[in-house]
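Visitor: Single-letter residue listing:
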Amino acid sequence: MADVAIATTLSQETAEPARRGRPRLLAKLRRPLAALTLLLPAMTLMTLLLIGPVVAVLAMSLTDYQLGAPSWSFVGFDNYLELYGDRVFWTSLLNTLVYVAIVVPASMALGLGIALLIESGTSLRAFYRSIFFIPVMATLIAMAISWEYMLHPQFGLINLTLKSLGLPAQAWLTNPELALPTIAAIGVWQLFGFNMVLFLAGLVSIPPHLYEAAVMDGARSAWSRFWLVTWPMLGPVTMFVAIISAIRSFQVFDTVHVLTKGGPSKATEVLLYSMYSEGFEFFRSGHAAAIAVVFLAFVLLLTILKVRVIEKKVHYA
Amino acid sequence: MAMFELTGVRKSFERTEVLKGVDLDIADGEFISLVGPSGCGKSTLLRIIAGLEDQTDGSVRIGGDVVDGIRPADRNLAMVFQSYALYPHLTVFNNIAVPLRMRRLSALQRLPLVRWLVPGTRSAECGIHADVEKVAELLGMRDLLHRKPAQLSGGQRQRVAVGRAIVREPRGFLLDEPLSNLDAKLRVHMRTEIAQLHRRLAATFIYVTHDQAEAMTMSDRIAVMMDGNIIQIGSPDDVYDDPQDLRVAEFIGSPKINILEGATVGEDRALVLAGHRIPISVSEQAGRSISVGIRPEAMRLASSEGALVSGRLAHKENLGAEVLLHVDVDGQSAPVIVRLDHGGARSIRIGEMIDLTFAMEDLRLFDKAGRRVGAKAAQKELAYG
Amino acid sequence: MSTARGISLWGLLRHVLLLIAAAIVLLPFVWMIVTSLKPQSEIFLSEIRWWPERLHAVENYTKAFDRAPLMRFLLNGAIVTVTIFMLQVLIALPAAYALAKLRFWGREAVFALVLFCILIPPQATAIPVFLLFHHLGILDTYAALIVPFTISAFGIFLMRQFFMTVPDDLVDAARMDGISEIGIVWRVMLPTALPALTAFGIFSIVAHWNDYFWPLIAVNSKELFTPPVGVATFRNEEAGTDYGPLMAAATIIIAPLIIAFLLAQRRFIEGITFTGMK
Ligand SMILES: Nc1ncnc2c1ncn2[C@@H]1O[C@H](COP(=O)(O)OP(=O)(O)O)[C@@H](O)[C@H]1O
Ligand SMILES: [Mg+2]
Chain A
1 MADVAIATTL SQETAEPARR GRPRLLAKLR RPLAALTLLL PAMTLMTLLL
51 IGPVVAVLAM SLTDYQLGAP SWSFVGFDNY LELYGDRVFW TSLLNTLVYV
101 AIVVPASMAL GLGIALLIES GTSLRAFYRS IFFIPVMATL IAMAISWEYM
151 LHPQFGLINL TLKSLGLPAQ AWLTNPELAL PTIAAIGVWQ LFGFNMVLFL
201 AGLVSIPPHL YEAAVMDGAR SAWSRFWLVT WPMLGPVTMF VAIISAIRSF
251 QVFDTVHVLT KGGPSKATEV LLYSMYSEGF EFFRSGHAAA IAVVFLAFVL
301 LLTILKVRVI EKKVHYA
Chain B
1001 MAMFELTGVR KSFERTEVLK GVDLDIADGE FISLVGPSGC GKSTLLRIIA
1051 GLEDQTDGSV RIGGDVVDGI RPADRNLAMV FQSYALYPHL TVFNNIAVPL
1101 RMRRLSALQR LPLVRWLVPG TRSAECGIHA DVEKVAELLG MRDLLHRKPA
1151 QLSGGQRQRV AVGRAIVREP RGFLLDEPLS NLDAKLRVHM RTEIAQLHRR
1201 LAATFIYVTH DQAEAMTMSD RIAVMMDGNI IQIGSPDDVY DDPQDLRVAE
1251 FIGSPKINIL EGATVGEDRA LVLAGHRIPI SVSEQAGRSI SVGIRPEAMR
1301 LASSEGALVS GRLAHKENLG AEVLLHVDVD GQSAPVIVRL DHGGARSIRI
1351 GEMIDLTFAM EDLRLFDKAG RRVGAKAAQK ELAYG
Chain C
2001 MSTARGISLW GLLRHVLLLI AAAIVLLPFV WMIVTSLKPQ SEIFLSEIRW
2051 WPERLHAVEN YTKAFDRAPL MRFLLNGAIV TVTIFMLQVL IALPAAYALA
2101 KLRFWGREAV FALVLFCILI PPQATAIPVF LLFHHLGILD TYAALIVPFT
2151 ISAFGIFLMR QFFMTVPDDL VDAARMDGIS EIGIVWRVML PTALPALTAF
2201 GIFSIVAHWN DYFWPLIAVN SKELFTPPVG VATFRNEEAG TDYGPLMAAA
2251 TIIIAPLIIA FLLAQRRFIE GITFTGMK
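Residue numbers (my numbering), protein chains in the order written: chain A, 1 to 317; chain B, 1001 to 1385; chain C, 2001 to 2278.
Bear in mind the hints are in silico, worked out from the structure with no lab data behind them.
Ideal Cβ placement from N, Cα and C applies to all residues, glycine included.
A couple of the hints might just be wrong.
Beyond 10 Å from chain C on every Cβ pair, some chain B residues (computed) [unchecked claim]:
hint : residue
1    : Ser1012
2    : Asp1028
3    : Pro1119
4    : Cys1126
5    : Arg1164
6    : Arg1171
7    : Ala1184
8    : Arg1191
9    : Gln1285
10   : Gly1370
11   : Gly1374
25 Å max Cα-Cα, derived SDA-like pairs, lysine to any residue [to be verified]:
hint : chain 1 : residue 1 : chain 2 : residue 2
12   : C       : Lys2222   : A       : Phe282
13   : A       : Lys266    : C       : Ile2217
14   : B       : Lys1148   : B       : Arg1110
15   : A       : Lys163    : C       : Ser2041
This is chain A alone, in the form it adopts within the complex (with noise of 0.2 Å):
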């Protein structure tokens, strides 16, 4: 009888602080649970489909792993010497570069211009804002078989209107001079619409009271007002469209492999192109992987430098 008693009063003591205890800790835990179940699926996927395999870009660039061969090795850094010493590699990085070099400036001014001319006055504005973003939204691979055949040598549209200009026709795409500026010129009438959005949305937040003021004194033509309000107050917007086109230039693909396959003679492999070809036409995949890892750090370079200028713009503010 007393056993039971003692053992009854032992087990009501302990039962208090227990009962007490479990729901603390269950309080403490339910946000990190509940947050950790609604994080779960993301970083998963994350880990699996984006860092995984950057860290795996990164490894299979240092070996000679062939997508079929029966074994691979670790090579250490052989497949970056080789692009180092291959004229290919470099070509395609030229051209890449190249080819950033013309759109980034070309679809910025054609964008700004647009932009300026569709701000200058308040008819059709959102008219002409939409007729200059259509190519931004085509599907660039139909449109560069309709390019494909305005730019036939003989029966193209741009050659015949040359033609009736008295003007030599040209080939456009099969002469090597000329096919890199050519897609590089497809490559502007694609982008520069989203340039020009942009710019839009930066004029539009320059407070009008500047241009009074620019009037005020003294600055009578809209020449001098553009270079006294409108060009400085777009400075920022200007840098972030510039490191924004850098960044979609540089992933130049879809043209090439529809109109050039990197032809004539190398003039237009582009970085990507040499990528794809390396990767998942000839197999070479720690090839592949090295011209990856420079291309990745040419965008994260690029990113980067936009994240400073992200910054630099709050600073101002």
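Once you have looked at the hints, place chains B and C with the ligands on chain A.
Guide: The following block gives chains B and C with the ligands in isolation, referenced to the frame of chain A:
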């Protein structure tokens, strides 16, 4: 039995301690206000009671049960937020119905479309409909039921937020500055409405505000919070008449209580104030400085021989029913405020000297640390202060 | 007087300049459509003919549909883009909510990881992902087209930024009302975030409808081709220089997006630029 029982509740965010050991008992059906300057931890305390925040230490009991670790929704409390927190995409009807749907319908019964295939949905929805209508009737907003929150005025939104809280008949209501987003006139009106609602529902209300006037006008009891502690709890009259701490005295009452710098002198520890010896004996050692609190309405005009404090009239605020005099007194940093009835100081001009007096029992004395200090009339052994 | 005329003169010049520019920009579209209406004989002409003498539209479009499973390409495009977007939302929204509204240990680290993932261009990871899918044996399936894009770090970031602007009180009110954390994501956050989600949806669907690089790598069977790969293959294998049907096919491929764009121009422009600024 107490409806809410907080013991030693502490809360830290990272390194800063926001609540420093709060003890609070709230009776069933009571209307209690937590009042204090903003940042003192009122909302945090309320959120801990609601279960939206976990305390770092201490315990919360509701109706006798420890609720630590119990989800907010399972505590059966309702909360009204300062920003009203209405679902912007739902109509007023659906806003009020949400807590009922979450309780009365199963997960399947809440799915769009599929819900109507589940048996019982229709009858449950009928019940919900009736309850929402009843609440809308009670709050006089039947014709608003099909609007979205964006189409409502601030006062109407406030009403919807209250409706959403009362519809499920919770054990208690938690209100976090529910009136501070309203304009002054509506705020005064809503005070009355909320007080009436409390009487009608006979439920426990915990009302957080930084506005002492709200707390004074509506509450059964007021808990004054400062820096993470409750420093005094009592009825509005208690807290007003008998502040235990200088901060309470200064926080409660508008215009603010006058605080004059005085000191204790001599063997009988008499109080010296603005050059006058006040015939009381302070229960504090001689030579100490004393803060002397006198409510503006306790100040009286005096003839020059009966004056206890004298000063120059700096400003007159005519409020219609009453007039406030701002009197600059030598040696005091802030002007002394005197509250007189309508027409009480018609003959006095700005810049004139005036003499003031007060009753000994209207003095509230505080030591250097702000603690209340007792005092006795020098001859008659009567306790003041 | 003179300023008024100056303004209207400038207004006129503005329209002239913009219309010329618009005409040049639209030329590839116009020429594509006009060519898709022409018979072969009028395509290979040594003169510019803006409108066919003999309308050959029916023949060209029938031929295009006969020789390539265009409807299948379009259907694949719809299946792939819509599935990608739905999965992106399903996965990104809870994560975005957790990052915006819950306090937990390691939140900053997770967010930093998300920011890093935004920087990764999809082409850079194509080789390992391809090999992974090869080993899993899911190359040349719908899964291969969809899975790599189910996680959108940018979507998480974007929605998190939006959720930060939703008042904490609303979330707490939902908790008081008895809605679970996952319920809050779908019943409270999703409806309030609809504008941002629409923008992201347009961005996502346009980007994946137009994507060429990954589908080119991931699938081989014609039945799985997305519109861009489909039309490119049609050109390489079937049409060659048979420009009439080829232009008809190209027109069909771009039509869905262009029509959607014309119906909701402002939303498209907002969506693509606002989200494209990453
Ligand atoms: N989630 C939080 N993280 C860090 N500090 C917080 C948090 N919530 C509140 N605080 C801090 O706690 C203190 C008390 O806040 P609160 O309870 O909201 O005060 P009150 O409602 O009395 O104005 C404030 O200093 C506030 O900055
Ligand atoms: Mg607060």
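Visitor: Check each numbered hint from earlier against the structure, then list the numbers of those it violates in ascending order.
Guide: 5
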